[in-house]
Amino acid sequence: MADKKRSTPKLDELEKGPWPSFVKEMKQAAEKSATAADALGILERSYNDKIGHWKHGGIVGVKGYGGGVIGRYNDIPQDFPDVAEFHTVRVNQPAGWFYTSDALRKLCDIWERHGSGLTNMHGSTGDIVFLGTKTPELEPIFSELTEAGFDLGGSGSDMRTPSCCCGMARCEWACYDTMGLTYDLTMHYQDELHRPAFPYKFKIKAAGCPNDCVASVARADLSIIGTWRDNIQMNKDAVAACATGGKVDIGKDVVAKCPSKCMDWDGKNLSIDNGNCVRCMHCINVMPKALAPGKDRGATILVGSKAPIIEGALLSAVMVPFLKLEAPYSDLKELIGAMWELWGEHGKNRERIGEFIQRVGLGNFLEQIGLEPVPEMVTQPRTNPYIFYDVKK
Amino acid sequence: MNDINEQQVAEAMYAMVKEYHGKKNLKAMDLTKAMIEKFGEACTKDLCKAAIRQLMDSERCTYSYVGGSYIVLPPEKK
Amino acid sequence: MATETVKRKTDIGPPHYEKFLPPIIKKNYGKWKHHEIVKPGVLMHVAESGDKLFSVRAATPRLASTKTLRLFADLADKFSGGHLRYTSRNNVEFLVTDEKQIEPLIARLKTEGYPVGGTGPSITNIVHTQGWVHCHSAASDASGVVKSVMDELFPHFEKMDLPAKLRIAFACCLNMCGAVHCSDISILGLHRRPPKVNHAALPKMCEIPTTVASCPTGAIRPKTVDGKQTVEIIEEQCMYCANCFTVCPAITLADAENDGCSIWVGGKVSNARHEPMFSKLAIPFLPNNPPRWPEVVAAVKNIVEVYAKNARKYERMGEWIERIGWPRFFRLADIPFTKFHIDDFKHAGEYYRRSAHIKHMPEA
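Protein chains in written order, with this note's numbering: chain A, 1 to 393; chain B, 1 to 78; chain C, 1 to 364.
One thing to keep in mind: the hints can contain errors.
[Unchecked claim] Mimicking DSS-like on lysine-lysine, the simulated pairs with C-alpha atoms at most 30 Å apart in a straight line are: (1) A:K247 x C:K100; (2) A:K252 x C:K159; (3) A:K236 x A:K247; (4) C:K196 x A:K55; (5) B:K49 x B:K18; (6) C:K228 x B:K24; (7) C:K9 x B:K49; (8) C:K31 x A:K333; (9) C:K159 x C:K110; (10) B:K18 x A:K348; (11) A:K106 x C:K110; (12) C:K301 x A:K24; (13) C:K33 x A:K247.
By construction, these hints were calculated from the structure, which means they are not laboratory data. Keep in mind the model is a prediction, meaning the values are calculated, not measured.
Okay, chain A solo, but in the shape it has when bound (with noise of 0.2 Å):
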C-alpha cells in the first residue's frame, strides 16, 4: 500500500514541535491501511481549500441498534475513493477509563482488521472512537467487540454514553461511586442507549465532587455532582502543618479566597461555619491533607446542560439539592424515568430537556414530575409579576 502515500507538504509542517503530532499518527495507521492513506490526502486536500470535505451520514448502522454507528462519506470519492465511506464506531468505554495492556491490545486487532486503524481515546462524550471504516465491515467489528466483551455508545436521539470521573478508584474527593453509578445507569438503560426513542440526545455525567472534573454541569442533560451535608472534616495537626509549611498562607489562599466568606483564621486555629459553607472545594483543593469532605456524602442532582444548538447554551440546573447515591439507586432512576416520560412525550424534535423545562417552566415541569420545588433550585425568586395561577384550582 506504499503507493498510496500521497505527497502532504502542509501537514508535513504539522510533524514539527514538542506538541503530539495527530500527523504523525495518522501516517502511522498509513502505513498499514489504504483507508488511513487517504484520510491523509483527504485533510491535506482540506488545508490546501480550507473547507471539509465530508457529508452527512444517512442510514448505517448495525442491525436493531439505531446508534453507535455515525456514517460519512466524502464529497470527492472519485479522488480518495478508500474514504468514500469513512464512518465512525463508538464504542462504550469501561467506567473511569481504566484499562488493561491486553483489553487495549484486543481493541486494537479487532480494528486493524475491520478499519483505519485511527482511533480517538476518548471522544467528547466519553467513548472510544473508531474513526473509518466502510458498511460492510461494521457487523463483523460489532460482533467481535461483543465477543471481547465490549458493546457500541450511543449517538441520535437516545440516551448517550454515560461517563464518569475516576471517583473512589483513586480520589479521596468522591462523594459517592460514580464508576459504579456510572456501570449501574448503562446497564440499566441498555435499550434506551441503543434504540433511540427520545426527542433528541441524553447525556449523563457523574462527577465524584464539586471539582467537577468531568464537567458534567456544562456537559450533560444530568449532571450528577458529588457533595456533602454535614461538616467539612478537619486534621488540626495539618492545619498547623499548613501554617507553618510555608507553601500556604491559610489567610490569604484559603479565607480570603472562600466564596461564602464563612471561614475565619487568627493565625492558630482554623473556624469554619459549616452553616454557610456552600461545598465549593477551594479550602480542600488547597489544603488535601488537612481538609475532606464530610461524612455525609450525596450528590446534588442537576439537570438540562447543553451546547448552543439551538436555543442557546444552557448550564444545568439544580433539580435535587442532596441525593443519597447508593446501589441500586432506585430514587435517581425514579427521578429519571419520571423526565422521560413527560420530555419523551412532549418534548419536540430536536429539543433537549434542559430547553424543553425553559419553554414549559420549571415550575410545571417539577408538577409534572412530582417534585417539589425548593428555594435551592434557584438564586432567587422571581422579580416579574405576571404569574400563571391556576385558575383550575
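Following the hints, complete the assembly by docking chains B and C onto the known chain A.
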C-alpha cells in the same frame, strides 16, 4: 378491554411507516402515540417499544438519522 | 447476508470496570486519604492503608493510531503492571506502584514523543472536536489548530507556572461538541455567510416543513423553483448556526474565505470559589490559515501571557477578569471591543450595564 399483542402493533406500525414513506419521517414517539390512539389504553408504551424492536430485529424497518433519529423502511436492496 | 454461526450478542454493555483496575485500586477503592502533585505530571495518591499510587500523566494527540495504543500497552506492561487509564482531557495516565519506575517511564515517554505534565496550575491537553478530519459541518480544522497552539504554549504544560489551571477547548462549529462554552479559553470555528441551497437536490433529500422549522430566526421559507418545492433563505436574518444544514444536507455553509475561528474567555465548570460560568467573546473572528493558524496561535498566546502576568494565585481566567472588569481586560490584552461583542440574540439586554459602577481609567 380488548387484547392486543405485539404482532398486531408491529404490523400497524409497519403499515404506518410504509404509508408515510417519502412524505414524512416518523420518530419512535410518533408511532407510539399513533398506536395508543388507534388501540387505546391496552396499547402500552412498553408494548410499542417491543413492537419497534421486533421491526428492527427482523430488518423490516431501520433507523435513520437526519438531525434526529427516525424509523424508516430499509434502503432498497440491490 | 452471511448466515450467523454464533448467536448474535446485543445489549451487553461495556466491560465491568473492575476487570481493568490494578490490585492497589481494588484494595483501596473508596479508602484514599489524600494526594499531592509530586512534580509536574506525577500525582501521588495515598490510601488509608498507607499504600501509594503514582499516576504519570502524558499528553496524547486525541487522534491516535493503534500503533500508539500498542506502545502505551507495552509501556504499561513494562512500568505499571499492565495498568493505565485515560483522563477526560485525552491524557494517558500510567498507574505506577513502584516508585523507581517513575523516572525511567517519564524518560521513555519523552523519547517516544508523549511528554509528561498537565497537572496543577498548568495548561493541560486541549479537548477538541474532529474538524476537517471527520466532521461534515466543520468551519475549521481542530487537530491542526490544537497542535499549533500547544506547540507554542508547551512550556506551560511541562511547568506549573500559572496562577491557576488554564483549560483550553476547541470546537470546529457552533454545535460545540467539546465543552468549549465553559473553558478559560475557547477557540470556536464559525461560519460567516448564509448557507447556499441546492435546489436540485433539496426536494429529494429534505422535508420542507422540518427544514423551515429548524431555523431559530425564521429565516427559511418554502419556495417553488422550476416547479419543485424547495426553500429560500432570507439572508439578512441568518446567524449561521447551521441547524438547517443538520436537518437538511442540501443546504451547505462551508466557505473557504469566510470561515474561521473566534476566541472566547473566562469560562469554568468547577465549583471551586466562583460558580461555573460560560466563556465570553474576546475576538469575533480570525482567519483559517493552515497549516499553523498563526493568527489564532498569537491571539491565544497573548491572552495567556496577559493573564499569567496579572492574575492572582488561584484566580482562574474568568475570576481574574471579573475582578479587574472587562474594560481593563480588553485594554490589557489590546483587543478591540466591537459591536459584535454585544449580544443581540436570546440574551440581549441581560448584559447591558445598568448602573454607574464603572472603573474609569485615566486617558491612555
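These are the hints, each one checked on the structure:
1. With a C-alpha separation of about 26 Å, the suggested pairing of A:K247 with C:K100 holds against the 30 Å cut-off.
2. At most 30 Å may separate the alpha-carbon atoms for a hinted pair to count; A:K252 and C:K159 meet this at roughly 23 Å.
3. Of the supplied pair hints, the one linking A:K236 and A:K247 holds, its CA atoms being roughly 17 Å apart against a limit of 30 Å.
4. Annotation: proposed proximity of C:K196 to A:K55 holds, straight-line Cα distance about 15 Å (limit 30 Å).
5. Between B:K49 and B:K18 the CA atoms are separated by roughly 18 Å; this keeps the pair inside 30 Å, and the hint holds.
6. The straight-line distance between the Cα atoms of C:K228 and B:K24 is roughly 17 Å, inside the 30 Å bound, and the hint therefore holds.
7. Under the criterion of a C-alpha separation no larger than 30 Å, the hint pairing C:K9 with B:K49 is consistent with the structure, at around 19 Å.
8. Among the hinted pairs, C:K31 with A:K333 is consistent with the structure: their alpha-carbon atoms are about 27 Å apart, no more than 30 Å.
9. At most 30 Å may separate the alpha-carbon atoms for a hinted pair to count; C:K159 and C:K110 meet this at roughly 15 Å.
10. Straight-line distance between C-alpha atoms of B:K18 and A:K348 comes to about 23 Å, which keeps the hinted pair within the 30 Å bound.
11. At most 30 Å may separate the alpha-carbon atoms for a hinted pair to count; A:K106 and C:K110 meet this at roughly 26 Å.
12. For the suggested pair C:K301 and A:K24, the alpha carbons sit about 25 Å apart, so the restraint of at most 30 Å is met.
13. Restraint check for C:K33 and A:K247: the C-alpha separation of about 20 Å stays at or below 30 Å, so the hint holds.
In this structure, every one of the numbered hints holds.
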